[in-house]
Amino acid sequence: MFPGSEHSWRNQLRGFWLRGLPRMVPAIILVMLPWMASPARAVAQDVDSIPKADGPVHRDPQNGKRLYDRCGCYQCHGGQGQGSILTGPRIGPNPTGFSGFVRYIRQPGGEMPPYTSKIVSDAELTDIYAFLQSLPPPQSAKKIPLLISEPRAEKK
Amino acid sequence: MARSKQTSFDRRDFLKTAVAGGAASLVAGNASAAALPPGPPRGLAPVMCRAAEVEDPSDAEVLTTERPGSDFMVDVIKSLGIAYVAANPGSSFRGLHESVINYAGNHSPELITCCHEESSVGIAHGYAKIEGKPMAVFAHSTVGLQHAAMAIFNAYCDRVPVYIVLGNTIDATMRRPGVEWDHSVQDAAAMVRDYIKWDDLPISLPHFAESAVRAYKIAMTPPTMPVLLVADGELQERPVPADAELRIPKLTLAAPPQGDSAAVAEAARLLVAAESPVIVADRAARTPAGLAYLVELAELLQAPVVDQAGRMNFPTRHPLNHSGHGRIIISIADVILGLELTDFWGTVHSYRDQLTRSSQSLLDRSTKLISITANDLYIKGNYQDFQRYPEVDLAIAADAEATLPSLIDAVKRALTADRKQMLEQRGKLLARSHQDLSEETRTEATYAWDASPISTARLSAELWGQIKDKDWSLVSPVAPGMSNWPLRLWAFDKHYQFIGGPGGYGVGYGAPAAVGAALANQRHGRFSVNIQCDGDLMYAPGVLWTAAHHRIPLLNIMHNNRAYHQEVMHLQRMGNRHNRGVDRAHLGTTIDHPNIDFAKLAQGMGLRAEGPISDPKELGPAIGRAISAVERGEPALVDVVTQPR
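Top to bottom, those sequences are chains H and A.
Counting in numbering that gives the first Met the number 0, the first sequence runs from 0 upward without gaps.
Counting in numbering that gives the first Met the number 0, the second sequence runs from 0 upward without gaps.
These are computed hints drawn from the structure, not numbers from a lab.
A hint or two may mislead.
[Stated by the list, open to error] Cross-link-like lysine to any residue pairs, in silico, SDA-like; alpha carbons within 20 Å at most:
{"no.": "1", "chain 1": "H", "residue 1": "K117", "chain 2": "A", "residue 2": "H577"}
{"no.": "2", "chain 1": "A", "residue 1": "K411", "chain 2": "A", "residue 2": "E274"}
{"no.": "3", "chain 1": "A", "residue 1": "K467", "chain 2": "H", "residue 2": "L145"}
{"no.": "4", "chain 1": "H", "residue 1": "K141", "chain 2": "A", "residue 2": "T442"}
{"no.": "5", "chain 1": "A", "residue 1": "K467", "chain 2": "H", "residue 2": "K117"}
Please work from the sequences and hints to get the whole structure.
So, in structure tokens, the structure goes:
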């Protein structure tokens with residue numbers, strides 16, 4: 000999920016910037032497109048193969064890691080799914096729901112290159128998903144000395 | 000004023016020595032003789048035969064001069080306050096080269112020895128971004144300028160002044176047979192004329208002086224850009240005529256163009272009345288004053304700033320800095336002020352690179368767009384760096400930094416007490432959202448914190464931890480390779496702390512620009528840091544030797560993802576689009592098998608270097624050791640194997 004998409008500041012700004020909310024809608028849609036698994040959008044050749052269930056998937060995370068690398072997922076999303084602000088969002092741990100995950104890979108609404116079942120099968124996707132699920136949660140930034148918030152530098 | 004004094008001093012110095020040197024001249028011409036300096040008597044062409052070697056030479060043949068034209072050329076260059084000249088040696092400017100090192104004593108300008116002309120121009124590019132003025136580049140006729148071309152294009156796209164002096168021999172009858180013909184060209188500047196601002200081919204020393212001063216003035220007038228002056232070989236090497244009336248014209252830089260007062264007032268009216276104004280800055284702050292003006296304007300309006308980082312425009316930890324969610328902020332704006340934007344259209348549109356390319360506006364139709372840019376004053380047709388046509392509502396053709404003071408005054412006049420109170424409330428909300436964004440960013444940095452290869456967030460944090468208490472300057476781009484992490488995590492608040500990007504995205508800019516910026520920082524005692532991409536360094540790695548040779552302190556931290564990674568992603572896109580997969584996307588795009596040992600490469604060039612480091616726990620200590628070397632006054636390198644982005 001796009002980090003910060005439901006962040007409180009925007010709600011506060013919405014109250015203050017009178018026209019804020021209607022203007023935000025297209026922006027939020029644009030930003031969320033990668034993870035909006037709208038059925039209406041999923042009309043391509045692989046639509047029939049998309050799993051309908053959205054429950055937990057437990058397959059082979061080790062094979063999933065191998066496939067994650069082989070399919071080039073790491074190229075935009077990083078070796079541990081951490082994402083990049085410029086190439087692709089964070090996708091692990093705790094990936095989005097499985098059906099949305101598969102739908103987006105087959106029929107991406109944003110910039111991501113599409114992966115048909117010829118390139119990566121549904122079974123392989125379940126392993127990749129299992130790998131993303133298996134990633135350990137990060138430690139808190141408050142416990143990493145290098146990331147502990149410093150006092151803001153004085154304005155110049 | 001200081002420059003004027005310097006000019007007159009140098010002029011006197013030159014004329015005094017010209018009298019002495021002129022005695023060696025063969026021809027005492029009239030005033031117009033300076034237009035075409037005398038050559039050797041035509042009958043005395045060199046003949047390599049036994050008689051010529053054993054017989055007494057003719058008394059009539061003068062073989063030396065102590066006042067070559069190149070000495071005067073160097074006086075002119077000196078008068079412009081040019082401190083350095085970067086060059087890979089070339090015979091077409093051998094006269095100038097000798098005059099710099101002997102006549103000028105290799106001081107102001109000092110020669111910086113380069114291993115490639117692309118490095119020479121890249122060094123000058125980085126230097127100008129720190130120092131705010133050009134250094135010179137000597138380039139060698141055909142082949143040298145061809146090597147330099149990509150770097151010149153980068154500087155042109157980046158609106159950075161570079162002062163190029165090109166050796167060439169115009170008179171065909173004076174060329175040495177063989178190589179000099181290969182290295183001579185009829186219209187040298189034609190090679191790069193599409194992406195320089197001005198050029199000339201002076202045919203006399205007075206002409207050289209006038210054009211040299213004019214070139215400097217043109218290069219420094221916004222939009223600043225590279226200029227090129229051809230220094231004819233004969234003009235360099237022939238003696239200055241004894242009675243030549245040489246003088247160096249006065250240099251007066253043009254005041255940068257300010258925006259039309261009525262248009263500026265209208266911009267202020269729109270901004271003050273806006274409910275959700277946004278300021279977007281790209282190459283706005285040419286100098287530290289530009290940064291201060293932008294802070295003042297943003298605080299007056301309590302408007303968020305999206306810094307596109309073409310320059311160091313706005314402090315990263317200022318509560319009004321909202322660059323981290325720029326797209327969303329822009330999409331909810333009702334007025335957008337664009338300051339020296341490279342791509343206003345791209346700023347307000349999303350673009351989708353699928354089989355059918357498509358775009359979509361981010362804006363409501365009623366959003367008002369105001370542009371202030373000097374790019375409206377100068378545009379060329381062939382190279383397409385001007386981007387797509389932006390449909391703005393108010394276009395002010397002017398230098399943004401020069402226009403900001405009058406815009407600030409106009410905003411102050413338009414603000415009422417009630418309005419100020421309302422803006423203060425807006426500012427408080429923006430400050431809170433900035434704080435939220437900062438915490439969100441720190442949380443994002445924790446993902447893949449212990450990953451190997453090392454995450455770009457971890458690399459940035461480790462580096463910041465060790466430089467934050469120094470007077471530091473980041474002399475490299477941070478996008479796309481570093482995912483902007485330094486700008487997201489570090490506290491940038493001084494103009495010299497960041498130098499923006501390459502301009503034309505010509506790979507190979509990073510390493511030489513870092514060396515040039517570090518050269519400029521050295522005089523100020525600053526600690527220069529370069530996050531260096533592997534593919535970029537491999538274009539012309541000899542620039543590391545230049546840094547070692549001239550003892551330029553510079554901390555190089557490799558962002559070594561072992562690929563031209565942008566191209567890996569493009570190949571992935573094509574493979575999937577053509578339904579063939581990505582299995583072979585590494586072919587022609589990755590830099591492995593064998594992995595390049597950048598520590599050994601750097602050591603071979605004379606740097607203190609270590610690596611490759613792929614364990615994040617080893618990174619901090621390695622950076623610390625490299626910092627110690629840099630603080631001793633030398634360049635150092637740490638090879639860090641990193642995540643792709």
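### Query
Which of the numbered hints are not met once you compare them with the structure shown?
As far as the earlier hints go, only 5 is violated by this structure.
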